[in-house]
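A.B. asks: Spelled out from the first residue to the last, the chains are:
Protein chains: 2
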Amino acid sequence: MSTSVEKEMVLPENEVENIELLSSIEDADGGVTVEMKEPMDSKLFASMLGSSLLYWIQQKKRGVWIKLPIEFSNLVEPTVKEGFRYHHAESDYLMLVKWIPETSDTLPANASHRVGIGAFVMNDKGEVLVVQERTGIFKGTNVWKLPTGTVEEGEDICVAAIREVKEETGVDTEFVEVLAFRQSHQSFFQKSDLFFVCMLRPHSFEIQKQDSEIEAAQWMRAEDYVAQPFNQKHEIFKNMAGICLTKSKKNYTGFSKMSSTTSSGKRAYMYFNNRDFEPS
Amino acid sequence: MSTSVEKEMVLPENEVENIELLSSIEDADGGVTVEMKEPMDSKLFASMLGSSLLYWIQQKKRGVWIKLPIEFSNLVEPTVKEGFRYHHAESDYLMLVKWIPETSDTLPANASHRVGIGAFVMNDKGEVLVVQERTGIFKGTNVWKLPTGTVEEGEDICVAAIREVKEETGVDTEFVEVLAFRQSHQSFFQKSDLFFVCMLRPHSFEIQKQDSEIEAAQWMRAEDYVAQPFNQKHEIFKNMAGICLTKSKKNYTGFSKMSSTTSSGKRAYMYFNNRDFEPS
Numbered sequence: 001m002s003t004s005v006e007k008e009m010v011l012p013e014n015e016v017e018n019i020e021l022l023s024s025i026e027d028a029d030g031g032v033t034v035e036m037k038e039p040m041d042s043k044l045f046a047s048m049l050g051s052s053l054l055y056w057i058q059q060k061k062r063g064v065w066i067k068l069p070i071e072f073s074n075l076v077e078p079t080v081k082e083g084f085r086y087h088h089a090e091s092d093y094l095m096l097v098k099w100i101p102e103t104s105d106t107l108p109a110n111a112s113h114r115v116g117i118g119a120f121v122m123n124d125k126g127e128v129l130v131v132q133e134r135t136g137i138f139k140g141t142n143v144w145k146l147p148t149g150t151v152e153e154g155e156d157i158c159v160a161a162i163r164e165v166k167e168e169t170g171v172d173t174e175f176v177e178v179l180a181f182r183q184s185h186q187s188f189f190q191k192s193d194l195f196f197v198c199m200l201r202p203h204s205f206e207i208q209k210q211d212s213e214i215e216a217a218q219w220m221r222a223e224d225y226v227a228q229p230f231n232q233k234h235e236i237f238k239n240m241a242g243i244c245l246t247k248s249k250k251n252y253t254g255f256s257k258m259s260s261t262t263s264s265g266k267r268a269y270m271y272f273n274n275r276d277f278e279p280s
Numbered sequence: 001m002s003t004s005v006e007k008e009m010v011l012p013e014n015e016v017e018n019i020e021l022l023s024s025i026e027d028a029d030g031g032v033t034v035e036m037k038e039p040m041d042s043k044l045f046a047s048m049l050g051s052s053l054l055y056w057i058q059q060k061k062r063g064v065w066i067k068l069p070i071e072f073s074n075l076v077e078p079t080v081k082e083g084f085r086y087h088h089a090e091s092d093y094l095m096l097v098k099w100i101p102e103t104s105d106t107l108p109a110n111a112s113h114r115v116g117i118g119a120f121v122m123n124d125k126g127e128v129l130v131v132q133e134r135t136g137i138f139k140g141t142n143v144w145k146l147p148t149g150t151v152e153e154g155e156d157i158c159v160a161a162i163r164e165v166k167e168e169t170g171v172d173t174e175f176v177e178v179l180a181f182r183q184s185h186q187s188f189f190q191k192s193d194l195f196f197v198c199m200l201r202p203h204s205f206e207i208q209k210q211d212s213e214i215e216a217a218q219w220m221r222a223e224d225y226v227a228q229p230f231n232q233k234h235e236i237f238k239n240m241a242g243i244c245l246t247k248s249k250k251n252y253t254g255f256s257k258m259s260s261t262t263s264s265g266k267r268a269y270m271y272f273n274n275r276d277f278e279p280s
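Protein chains in written order, with UniProt numbering: chain A, 1 to 280; chain B, 1 to 280.
Incorrect hints may have been included.
Intra- or inter-copy, both count: the list cannot distinguish identical chains.
Below are the EDC-like pairs computed for lysine to aspartate or glutamate, each with C-alpha atoms no more than 16 angstroms apart in a straight line [what the hints assert, rightly or not]:
#1 K145 to E82
#2 K7 to E235
#3 K250 to D41
#4 K43 to E77
#5 K145 to E215
#6 K67 to E90
Quick caveat, the hints were computed from the structure, so don't treat them as lab data.
Computed from a predicted structure; not experimentally measured.
Input sequences plus hints: build the corresponding full structure.
C.D. replies: Dropping the structure here:
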């Protein structure tokens, strides 16, 4: 898509004139998105943005989105000067938005949570797979912890758990259940964390640890894992560890997964108690 | 904190000179954060940033964070030119970061998920609280849906559910359980969604709907809610509705909440099956 397009616009004097505006794509909510693909001089951009805004206002557009790749950081200032606010950023672009109507803004919220997993993997000798990390808050503490990690962009929780165990210890596993989860706030900047403790069933038992991040890895008696002073001292850890031990010994029902399709046709996983409800 | 500070720096010629650098705060991971609080000319900022970077490199700093309030959007371009990438943005600021060491970047990931709730509220006549919305994908469809919404920054899931029901229908409730949750991807930009279906117990029954967003609200026989063609046709909705109905009729155990403290002393909620595990 080229950067500019000619449109007819009715000027204040009621004259119709062809004006060069920024190319945009319309969305389903009555808004438009501009995605800059080529560099542009800041002054020229400011002028075209001003004209485009007048046109979009005449067309009664609602949300105007401008996606600026990091290579075009010279265009951030002129966009802000036209009344746009930041919406979100990734490493290589910044998304800005302006809400045109006078009614309340109904723009989608930014992502607010990071999602992490902890994997509880137990073999048939009652031993749980644990690691000691080279970095992070447990570094140098001698605490044995479950393999943990952050889910990657677009990654499912059940897939992330299997991946983290494989990366950190070399052990192959299969997802069984979500045993519990925890939500905490202001863990980094103003964002929140959701952490899911997942039970996985091992399909291999030989450990090949990831040297760059893992100091040591082993199979450890579950009771010894739970009894560690750190786990006994910190309430959430104590309870999470206790849930894992209970799961290994008796009947604890967590949330199993089921692949499903959303009303828009995308694949999604549902997690629920499948002992008490049988899906159709 | 003033914008600049004088530091001693060893120059390439081995001379020590006092140089004016950007003020920064050190973090626990060997990095520094600069938070711009006053406007600055772009060229002056570029020069001070360049000197500051040399200093931080000499000091063997790791991650360098620069927080730019939207009022200082003129400083984005010079920051990017010094090799910084975007990390995240909120409506009123942009955070940029540069990783100095040659080893792999261990910076925290950006938030990847938006978190939403759906509230299943049932009275003692077997009726569920449902709404029809004025906006969004269900607008004009005549589908009766559960009250839903997005959790706000720093808000707990169990609190968000109660708030949304109160706002949309005026009904007071108490959190009971998370019945199930669903994870989907690419729902907005490259981000993901986690949606928690929560069961709430009503403490009031008179409905006062939120006129701006809600077309209508009522108590509806649970079987009629489940039997709606939309709910029957779409797999996830069918199963979520089925879980709600099962909960209302027999023994379905979801995840109850428990307030707890993290190892860093912050309050957090754990959600787990408290029928099969009794926390200590």
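A.B. asks: Against each hint, give a clear statement of whether it holds in the structure.
C.D. replies: Cross-check of the supplied hints:
1. Proximity of K145 to E82 under the C-alpha cut-off of 16 angstroms is found in neither arrangement, the shortest distances being 51 angstroms within a copy and 39 angstroms between copies.
2. In this assembly of identical chains, the alpha carbons of K7 and E235 never lie at most 16 angstroms apart, being 63 angstroms within a copy and 44 angstroms across copies at closest.
3. In the homo-oligomer, the alpha carbons of K250 and D41 never lie at most 16 angstroms apart, since the shortest distance is 68 angstroms inside one protomer and 66 angstroms across protomers.
4. In the homo-oligomer, the alpha carbons of K43 and E77 lie at most 16 angstroms apart both inside one protomer (10 angstroms) and across protomers (15 angstroms), since each shortest distance falls under that limit.
5. When the C-alpha separation of K145 and E215 is checked against a cutoff of 16 angstroms, the pair qualifies only within one copy, where the shortest distance is 12 angstroms, while the shortest distance between copies is 50 angstroms.
6. Within a single copy, K67 and E90 get their C-alpha atoms as close as 11 angstroms, and across copies as close as 15 angstroms, so both meet the 16 angstroms cut-off.
In summary, the numbered hints that this structure violates are 1, 2, 3.
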